[in-house]
Amino acid sequence: MQDDAELNAHDLLLRLAGRLPDDQLWRLRDWLASGALPVLRRVLPRALLRDRIGLTAEEHDLLRAIGADPGLTSSVLGVLTVPPHRYTFTPELPGQETSGDPVGVVLGATLHGRIGVGDVRCSWRKAHTEAPRRIVLVGATVDRHRLTGELQRMLRALGEHEPCVEVLPREFELTAYHLAALDMSELLCLGAAELVNG
Amino acid sequence: MSDRVLADGLSDRLHDFLLRMAGRIDDDAVNSARELIAVAELDRAAELLVGCLAAGGVPVTPDEHRYLRSLLDETRSDPSLADRLKVRDTWYAPPHRFSSERDACVGVEEALRPAMGFLRDVRSVQCVWRLTPAGATPGVVPQRVVIVEIGSEGFAPATAYRVAQALAVAGLRAVVEVLRPGVEPTDYHLMAAAAAKPVIFADGRGRQPGPATADAARPAVAPGPPDHESPTVIVSPAAMPPMIDPPAERHGSGEDQLSDVERDLLRQLHEELAQREERSNSESSG
Numbered sequence: 001m002q003d004d005a006e007l008n009a010h011d012l013l014l015r016l017a018g019r020l021p022d023d024q025l026w027r028l029r030d031w032l033a034s035g036a037l038p039v040l041r042r043v044l045p046r047a048l049l050r051d052r053i054g055l056t057a058e059e060h061d062l063l064r065a066i067g068a069d070p071g072l073t074s075s076v077l078g079v080l081t082v083p084p085h086r087y088t089f090t091p092e093l094p095g096q097e098t099s100g101d102p103v104g105v106v107l108g109a110t111l112h113g114r115i116g117v118g119d120v121r122c123s124w125r126k127a128h129t130e131a132p133r134r135i136v137l138v139g140a141t142v143d144r145h146r147l148t149g150e151l152q153r154m155l156r157a158l159g160e161h162e163p164c165v166e167v168l169p170r171e172f173e174l175t176a177y178h179l180a181a182l183d184m185s186e187l188l189c190l191g192a193a194e195l196v197n198g
Numbered sequence: 001m002s003d004r005v006l007a008d009g010l011s012d013r014l015h016d017f018l019l020r021m022a023g024r025i026d027d028d029a030v031n032s033a034r035e036l037i038a039v040a041e042l043d044r045a046a047e048l049l050v051g052c053l054a055a056g057g058v059p060v061t062p063d064e065h066r067y068l069r070s071l072l073d074e075t076r077s078d079p080s081l082a083d084r085l086k087v088r089d090t091w092y093a094p095p096h097r098f099s100s101e102r103d104a105c106v107g108v109e110e111a112l113r114p115a116m117g118f119l120r121d122v123r124s125v126q127c128v129w130r131l132t133p134a135g136a137t138p139g140v141v142p143q144r145v146v147i148v149e150i151g152s153e154g155f156a157p158a159t160a161y162r163v164a165q166a167l168a169v170a171g172l173r174a175v176v177e178v179l180r181p182g183v184e185p186t187d188y189h190l191m192a193a194a195a196a197k198p199v200i201f202a203d204g205r206g207r208q209p210g211p212a213t214a215d216a217a218r219p220a221v222a223p224g225p226p227d228h229e230s231p232t233v234i235v236s237p238a239a240m241p242p243m244i245d246p247p248a249e250r251h252g253s254g255e256d257q258l259s260d261v262e263r264d265l266l267r268q269l270h271e272e273l274a275q276r277e278e279r280s281n282s283e284s285s286g
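So the protein sequences, as listed, match chains A and B. In terms of my numbering, the first sequence opens at residue 1 and continues consecutively. In terms of my numbering, the second sequence opens at residue 1 and continues consecutively.
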């Protein structure tokens, strides 16, 4: 675990992908990217408590390391393993092969050759009751939380209200959610950094 | 009983404060905060608001800052969360633009029909497109803005929530602003209302704009009955921070009474005068 509260918060929010509702997750990631860690510190444990989302022992350590109230943190449920996610993933939406993916083109054009960025991939997440949702998977070496914020804001301006952007560090132990998404993803572009996540 | 009155007052004050944030934070945050108020999660609503203001670097006036601190305190949240906000006497925000060139009311009457029976004292519903982005994490534009005016029997937070929910169920993306009697509409709402078109319900409701925005609507939509209005594009003036309380009277006329912007202008004026004087001295000596 790192000393830096922002890095720990980024890692914890990565682990919560597919577990915390998308509307809360992108918002908390935006706050982290924009320096609003004190608000995140207060809001995140309460969100976990309210939705009864359990954390593993390692995730509990991360939550404490970002400076969350120890009293609240102690109340967050403990789990031995992360519960299985309920999603399936696909590399393309039906019809995309004829219509193209303008948002993907913008993402590729923005991140192509960027320093500190590795491979940029896209997958589509499906669940029984939800519309398909784009999952952007980016390998990056530096400023991961800020890159997350930047990409989220870009996607929102392009019409994706609750963007799902997973900026993965090289040393990150991929969750089942990320592995499943990467397994069914398509390469959008390569940055300047050499990373292998998939 | 007194607890209930206090709680209701707090919900309305949070609702009213959110009206002042319209166009300054993103529309999803506004809708989410309204929903949280409606379902009585006031601390979460206040924290969402403060988080968005802090992350977006959105300036607030000293009055707004004090008010937010007190809202956090009253909702049993942490008032020190507001300490990270940018507090400015004055600032310039890009103006918002509204248009009804394309009819923003399409589908709204049908979408709201199932909910109208549950809503109390709705006086009018108006729709308009906002062409400009709101907040630091804006969604796509144009954004449909739905302005609902209620009477004294209505409940503003509940109305905002139920209307937004009904529109979302119908697949209509919108940010909902509910104006209640006795609360002064902001420039944002007046400009939006001036360009908006009314939603006409089967029972005749909506033929007239409500009292709060009637004056704003009049100059823009004066010719002809509502369903024959010509398209209107309204540009709001530079968004100045709305006042929470009546402005304190200024005593004295010293430089210490000036705002940051006024001080800056005064300093520039002094510099220019000094430069002119220097130039005229050097010309006369040369």
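If you're looking for bench data, these hints aren't it; they were derived computationally from the structure. Among the clues, some could well be false.
Unchecked claim - Here are the simulated distance ranges between beta carbons:
| id | chain 1 | residue 1 | chain 2 | residue 2 | range |
| --- | --- | --- | --- | --- | --- |
| 1 | A | Gly159 | B | Ala170 | 14 to 20 angstroms |
| 2 | B | Pro95 | A | Asp61 | 25 to 31 angstroms |
| 3 | A | Glu97 | B | Val140 | 23 to 29 angstroms |
| 4 | A | Gly78 | B | Arg113 | 44 to 50 angstroms |
| 5 | B | Val140 | A | Arg52 | 29 to 35 angstroms |
| 6 | A | Leu158 | B | Lys86 | 51 to 57 angstroms |
| 7 | B | Arg120 | A | His112 | 51 to 57 angstroms |
| 8 | B | Ala170 | A | Leu80 | 29 to 35 angstroms |
| 9 | A | Gly78 | B | Val106 | 49 to 55 angstroms |
| 10 | A | Asp22 | B | Val169 | 14 to 20 angstroms |
| 11 | B | Gly117 | A | Gly71 | 42 to 48 angstroms |
What the hints assert, rightly or not - Distance condition first, Cα-Cα at most 25 angstroms in a straight line; then the derived SDA-like pairs of lysine to any residue:
| id | chain 1 | residue 1 | chain 2 | residue 2 |
| --- | --- | --- | --- | --- |
| 12 | A | Lys126 | A | Gly71 |
| 13 | A | Lys126 | B | Ala168 |
| 14 | A | Lys126 | A | Ile53 |
| 15 | A | Lys126 | B | Val140 |
| 16 | B | Lys86 | A | Pro102 |
| 17 | A | Lys126 | A | Asp143 |
| 18 | A | Lys126 | A | Gln24 |
| 19 | B | Lys86 | A | Gly67 |
Said to hold, decoys possible - Okay, the calculated bits of chain A under chain B, using three or more residues with CB under 8 angstroms as the criterion:
| id | segment |
| --- | --- |
| 20 | 22-33 |
| 21 | 113-123 |
| 22 | 137-148 |
Each residue gets a CB set at the ideal place from its N, CA and C atoms; glycine is no exception.
Hint by hint, here is what the structure shows:
1. A/Gly159 x B/Ala170: 14 to 20 angstroms: Check passed, 18 angstroms falls within 14 to 20 angstroms.
2. B/Pro95 x A/Asp61: 25 to 31 angstroms: violated (48 angstroms)
3. A/Glu97 x B/Val140: 23 to 29 angstroms: holds (24 angstroms)
4. A/Gly78 x B/Arg113: 44 to 50 angstroms: holds (48 angstroms)
5. B/Val140 x A/Arg52: 29 to 35 angstroms: holds (34 angstroms)
6. A/Leu158 x B/Lys86: 51 to 57 angstroms: For A/Leu158 and B/Lys86 the Cβ distance comes to about 27 angstroms; the hint is violated.
7. B/Arg120 x A/His112: 51 to 57 angstroms: holds (55 angstroms)
8. B/Ala170 x A/Leu80: 29 to 35 angstroms: This hint is violated: roughly 44 angstroms between Cβ atoms.
9. A/Gly78 x B/Val106: 49 to 55 angstroms: The hinted range 49 to 55 angstroms holds for A/Gly78 and B/Val106, with Cβ atoms some 51 angstroms apart.
10. A/Asp22 x B/Val169: 14 to 20 angstroms: holds (19 angstroms)
11. B/Gly117 x A/Gly71: 42 to 48 angstroms: Since B/Gly117 and A/Gly71 have Cβ atoms about 45 angstroms apart, the given range 42 to 48 angstroms holds.
12. A/Lys126 x A/Gly71: Violated, at about 36 angstroms.
13. A/Lys126 x B/Ala168: holds (20 angstroms)
14. A/Lys126 x A/Ile53: Between A/Lys126 and A/Ile53 the Cα gap is close to 21 angstroms, so the pair holds against 25 angstroms.
15. A/Lys126 x B/Val140: The hint holds at about 23 angstroms.
16. B/Lys86 x A/Pro102: The given pair, whose Cα atoms are some 36 angstroms apart, is violated under the 25 angstroms limit.
17. A/Lys126 x A/Asp143: violated (29 angstroms)
18. A/Lys126 x A/Gln24: holds (19 angstroms)
19. B/Lys86 x A/Gly67: holds (23 angstroms)
20. 22-33: holds (count 5)
21. 113-123: Coverage by chain B is violated for the segment 113-123 of chain A (0 residues, Cβ < 8 angstroms).
22. 137-148: violated (count 0)
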